Amino acid sequence: MVLQKSQKIVVVTGGTRGIGYGTVKVLAETLPNDVIYMTGRDIVFGERVLKKLDCELMNKKHAEIRLHPLDITDEESCQIFAEHLEKEHGGLDILINNAGFAYKNNDPTPLEIQAEVTLNINYYGTKRITDYLAPIMRQRGRIINICSQAGVMRGAYKNEYIDLVASPTSTYEDVDKLIEIYKEHCKKGLPVGDGTFAKTAYSVSKALEIALTMIQAREFKAKKILVNCCCPGAVATRMTGFKGIFTPERGADCAVYLATARFLPSGMFFYLRKPIDWP
127 MVLQKSQKIV VVTGGTRGIG YGTVKVLAET LPNDVIYMTG RDIVFGERVL KKLDCELMNK
187 KHAEIRLHPL DITDEESCQI FAEHLEKEHG GLDILINNAG FAYKNNDPTP LEIQAEVTLN
247 INYYGTKRIT DYLAPIMRQR GRIINICSQA GVMRGAYKNE YIDLVASPTS TYEDVDKLIE
307 IYKEHCKKGL PVGDGTFAKT AYSVSKALEI ALTMIQAREF KAKKILVNCC CPGAVATRMT
367 GFKGIFTPER GADCAVYLAT ARFLPSGMFF YLRKPIDWP
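Residue 127 is where the sequence shown starts when you use our numbering, and the numbers rise one by one after that.
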């Protein structure tokens, strides 16, 4: 495909449900003549969702929406998608890492298993797809990681753990180290929610995804790629049991802002379009 002048290529992971769906919808109303990739694991479900979205948008749709399979926990899936974007478009401009997972509060699954599954998706999955797509992202690109205020660390973790992953010199290896400490903590059945680690695996995964954002912002600075993360707020989605004050479209607002606004900083955590304190 030959890109039109200034045409942008946008990728939304986990784009067929919830906040991801709302993000694709708002972007399609906002971006003129750009190409938005709605990605998800279930391509058959995705095709139904795309038809539904086209019907909802009607003449408010200004961008082209394309569906592509993507499982951020699968190395081959990430590689195939990156190769497709490079072959079809020569790269991409905006990556919104929305795909995520959370156990219900009353889920009986042992915390050790919850930690393994949740971190594999929310942290390692986000890092994996970014590692594949960042090398083909054009200069002045944007990466937005969808996080949560549940990832605020202060008061919920040992100070030494906060210092390990949230200092200006923290590395990916430091985050890996804390993950192993956390997994071992869960394996031993030690208490959580007591100022050592946050109570839920989801909260821990989001804290580390925010830490990932800060590290990526430093890594990609030379390429002039902005990397930020945001909390969408309490959004009514399947993940939250449809409990929340925001619609998926309202929850998408901050991510769309970070993807499109001019003169933004990098390496920040946002809520309602404003930076908030972290860790």
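The set of hints was computed from the structure by calculation and includes no laboratory data. One or more hints might be untrue.
[As the list claims (entries may be wrong)] Below, computed lysine-lysine pairings styled on DSSO-like, alpha-carbon distance capped at 27 Å:
1) Lys213 x Lys347
2) Lys284 x Lys303
3) Lys309 x Lys177
4) Lys303 x Lys313
5) Lys325 x Lys369
6) Lys187 x Lys177
7) Lys230 x Lys284
8) Lys325 x Lys314
9) Lys303 x Lys314
10) Lys187 x Lys230
11) Lys230 x Lys313
12) Lys347 x Lys313
13) Lys349 x Lys178
14) Lys177 x Lys213
15) Lys303 x Lys213
16) Lys314 x Lys284
17) Lys325 x Lys349
18) Lys347 x Lys303
19) Lys213 x Lys350
20) Lys313 x Lys325
21) Lys350 x Lys313
22) Lys349 x Lys284
23) Lys350 x Lys284
24) Lys213 x Lys230
25) Lys230 x Lys347
26) Lys347 x Lys309
27) Lys369 x Lys400
[As the list claims (entries may be wrong)] Distance windows between CB atoms, simulated:
28) Phe171 x His210: 18 to 28 Å
29) Asp289 x Asn185: 19 to 29 Å
30) Ala348 x Pro234: 39 to 49 Å
31) Thr199 x Glu299: 18 to 28 Å
Since the structure is predicted, the reported quantities are computational estimates derived from the model, not experimental observations. Beta carbons: idealized from backbone N, C-alpha and C, even for Gly.
How the hints compare with the structure:
1. Under the criterion of a C-alpha separation no larger than 27 Å, the hint pairing lysine 213 with lysine 347 is consistent with the structure, at around 25 Å.
2. Between lysine 284 and lysine 303 the CA atoms are separated by roughly 14 Å; this keeps the pair inside 27 Å, and the hint holds.
3. Of the pairs offered as hints, the one joining lysine 309 and lysine 177 is violated, with about 41 Å between alpha carbons and a cut-off of 27 Å exceeded.
4. For the hint pairing lysine 303 with lysine 313, the CA-to-CA distance comes to about 15 Å; that is within 27 Å, so the pair holds.
5. A hinted pair counts as satisfied when its Cα atoms are at most 27 Å apart, and lysine 325 with lysine 369 qualifies at roughly 20 Å.
6. Annotation: proposed proximity of lysine 187 to lysine 177 holds, straight-line Cα distance about 13 Å (limit 27 Å).
7. Restraint check for lysine 230 and lysine 284: satisfied, since their Cα atoms lie roughly 25 Å apart, inside the 27 Å limit.
8. The suggested pairing of lysine 325 with lysine 314 holds, with an alpha-carbon distance near 15 Å, which does not exceed 27 Å.
9. Only pairs whose Cα atoms come within 27 Å are accepted, and lysine 303 paired with lysine 314 is accepted, the gap being roughly 17 Å.
10. Between lysine 187 and lysine 230 the CA atoms are separated by roughly 35 Å; this puts the pair beyond 27 Å, and the hint is violated.
11. Only pairs whose Cα atoms come within 27 Å are accepted, and lysine 230 paired with lysine 313 is accepted, the gap being roughly 20 Å.
12. Distance check on the hinted pair: lysine 347 and lysine 313 sit about 37 Å apart at the alpha-carbon level, beyond 27 Å; violated.
13. At roughly 37 Å between alpha-carbon atoms, lysine 349 and lysine 178 are farther apart than 27 Å, so this suggested pair is violated.
14. The hinted pair formed by lysine 177 and lysine 213 meets the criterion: a straight-line CA distance of about 26 Å does not exceed 27 Å.
15. For a cut-off of 27 Å, the pair hint linking lysine 303 to lysine 213 is broken: about 36 Å separates their Cα positions.
16. Using a Cα cut-off of 27 Å, the hinted pair lysine 314 and lysine 284 holds, with the two alpha carbons roughly 18 Å apart.
17. Distance hint between lysine 325 and lysine 349 is unfulfilled; the C-alpha atoms sit about 37 Å from each other, more than 27 Å.
18. For a cut-off of 27 Å, the pair hint linking lysine 347 to lysine 303 stands: about 24 Å separates their Cα positions.
19. For the hint linking lysine 213 to lysine 350, the alpha-carbon distance of about 23 Å falls within 27 Å, and the restraint holds.
20. Of the supplied pair hints, the one linking lysine 313 and lysine 325 holds, its CA atoms being roughly 14 Å apart against a limit of 27 Å.
21. Distance hint between lysine 350 and lysine 313 is unfulfilled; the C-alpha atoms sit about 41 Å from each other, more than 27 Å.
22. Between lysine 349 and lysine 284, the direct Cα distance comes to roughly 34 Å. Violation of the 27 Å bound is thereby established for this hinted pair.
23. Under the criterion of a C-alpha separation no larger than 27 Å, the hint pairing lysine 350 with lysine 284 is inconsistent with the structure, at around 34 Å.
24. Of the pairs offered as hints, the one joining lysine 213 and lysine 230 is violated, with about 40 Å between alpha carbons and a cut-off of 27 Å exceeded.
25. For the hint linking lysine 230 to lysine 347, the alpha-carbon distance of about 37 Å lies beyond 27 Å, and the restraint is violated.
26. Annotation: proposed proximity of lysine 347 to lysine 309 is violated, straight-line Cα distance about 31 Å (limit 27 Å).
27. A threshold of 27 Å between alpha carbons decides the hint, and for lysine 369 with lysine 400 the separation of about 24 Å falls inside it, so the pair holds.
28. Between phenylalanine 171 and histidine 210 the Cβ separation comes to about 20 Å, which falls inside the hinted range of 18 to 28 Å.
29. As the Cβ distance of aspartate 289 to asparagine 185 is approximately 53 Å, the hint placing it in 19 to 29 Å is violated.
30. The hint said 39 to 49 Å for the Cβ distance between alanine 348 and proline 234, and at roughly 47 Å that hint holds.
31. A C-beta distance of roughly 21 Å is found between threonine 199 and glutamate 299, which places it inside the suggested range of 18 to 28 Å.
This entry does not satisfy hints 3, 10, 12, 13, 15, 17, 21, 22, 23, 24, 25, 26 and 29, going by the numbered hints stated previously.
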